[in-house]
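> Sequence:
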Amino acid sequence: TYTTSNAAGGWAWNSNGSGGSTPGGEYVADYDMPSQVSVSNGLLDLTAIKQPVSGTNQGTAQTFPITSGAVSSYGNFEFNGGYLQISMKAPSGDGAWPGLWLMPGKGAGTSGDNFEIDLQEGGYTGSGPANQAFSYHLHTPSGTFGGVVDTGIDLTAGFHTYGINWDPGKSITWYLDGKQIAQVTSAQVPIPNEPMELIMSNQVANSNAAGWHTALDSSTPSSMQMQIDGIQLYQKAGSGDTVTGANVTPSTTSSTTAPTIPTTTTTAPTTPTTPTAPPSIAPVLTVADPTLNVSGLGGTVDLGVKVTTTDPNDVVTVKVTGLPKYETITDKLDGKTFAGKDITLTAAQVDSGLTLHSSYKGAAHPVATLTL
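Numbering of the sequence shown is given in our numbering, commencing with residue 3 and proceeding in unit increments.
Everything labelled a hint here was simulated from the structure, so no lab data went into it.
From a predicted model like this one, the values you see are computed outputs, not experimental measurements.
Take the hints with a grain of salt, since some may be wrong.
Said to hold, decoys possible - Computed spacing ranges between beta-carbons, pair by pair:
#	residue 1	residue 2	range
1	D179	G77	29 to 39 Å
2	G324	D219	23 to 33 Å
3	K172	S225	36 to 46 Å
4	L374	G130	18 to 28 Å
To be verified - Below 30 Å or equal to it, Euclidean Cα-Cα: the simulated BS3-like pairs (lysine-lysine) are:
#	residue 1	residue 2
5	K91	K327
6	K238	K172
7	K108	K172
8	K363	K321
9	K52	K327
10	K343	K308
Glycine included, C-beta positions come from ideal geometry on N, C-alpha and C.
Build the full structure now, drawing on both the sequences and the hints.
Next up, the structure:
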């Protein structure tokens, strides 16, 4: 039994006498069983099938419509920092929710149960076709950083390499097939600095997730397969990065050439130690229409938000809270799409123009208020 990050809601991985488990919560249609995990021809297979199974969801007995598989490295393989890459062929079909994620490991202790790093969550909607979506997140004690990117690639058609370069306490950078997708630094949100386990799960989303993710329905294939071809972790000697666990035998040599990780990252401008200028004026956030409201089913709207600052040394970020799961925000600077109840944007992203996308299609009339 494992417990997810407190910052991610504290969902428990429940188990029963059959050895099954699930992250639980209102969006999950699957219950994970050992029978759905196998290795064949050098590939790890996690297979979701339309077969009801009895399990528990956050302590309550429940019958799940999908039997699937997941693996966890808890206590056996945990690391703190480095470049991790995973070659995965994602499953295809409505509801398919493949996940590659890091959680606080056994070595983190209870005090470290505050972070979650999502390398990839497939199947998200609202930013192009769901089979092309790259969804990344960092859940922290002070909020969530993340988004959804339309890669323009069918990620279910073949194997792709999902990478993450984690500099503990400093930054996290996400990659797809060697191309940088996103980056977050400690200037925006706290960066974890503790041993974390790797979880790979072939989850399936139910109809409660229909506002922001594809959902299990009659068109969902009877069997959906998530395949892993290889996992590599690279850590630079002398960096202080660690790897521990019952199954770990660290090696300092390898016949495989480690990938080149970009060394140029965005850094905060240097602030003089003895400034002669008067104190800077605090940055100003303006909203063109504070009374702006959106109603109806789906659609987009420009938010009209701007940031101004008189000090070129300011490192300004804007936090947006209250975004419901069926809405996303896209900036015009780099075309990135963000999702989550707490997101953090740079001033440049805000000034480029923000567009709110709503994919809500239900019959109810939910109300959500955004706070900046």
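> Does the structure keep K238 and K172 at a Cα separation of 30 Å or less?
Since the Cα atoms of K238 and K172 sit roughly 15 Å apart, the hinted pair holds (cutoff 30 Å).
> Look at the Cβ atoms of K172 and S225 and judge whether their distance stays inside 36 to 46 Å.
Given range 36 to 46 Å: holds, Cβ gap about 42 Å.
> Return holds or violated for the Cβ distance of L374 and G130 against the range 18 to 28 Å.
holds, 26 Å
> Hey, K363 versus K321, does the alpha-carbon distance stay inside 30 Å?
With Cα atoms ~27 Å apart, K363 and K321 stay inside 30 Å; holds.
> Check whether the Cα positions of K91 and K327 lie no farther apart than 30 Å.
holds, 26 Å
> Quick check on a hinted range of 23 to 33 Å for G324 and D219, using CB atoms only.
holds, 29 Å
> Starting from K52, check that the Cα of K327 is at most 30 Å away, please.
holds, 26 Å
> Check whether the Cα positions of K108 and K172 lie no farther apart than 30 Å.
This hinted pair holds, its Cα atoms lying about 22 Å apart.
> Between D179 and G77, does the beta-carbon spacing fit 29 to 39 Å?
Given a distance of about 31 Å, which is inside 29 to 39 Å, the answer is holds.
> Given the hinted pair K343 and K308, is their Cα-Cα distance within 30 Å?
The given pair, whose Cα atoms are some 21 Å apart, holds under the 30 Å limit.
In this structure, none of the earlier numbered hints is contradicted; all agree with it.
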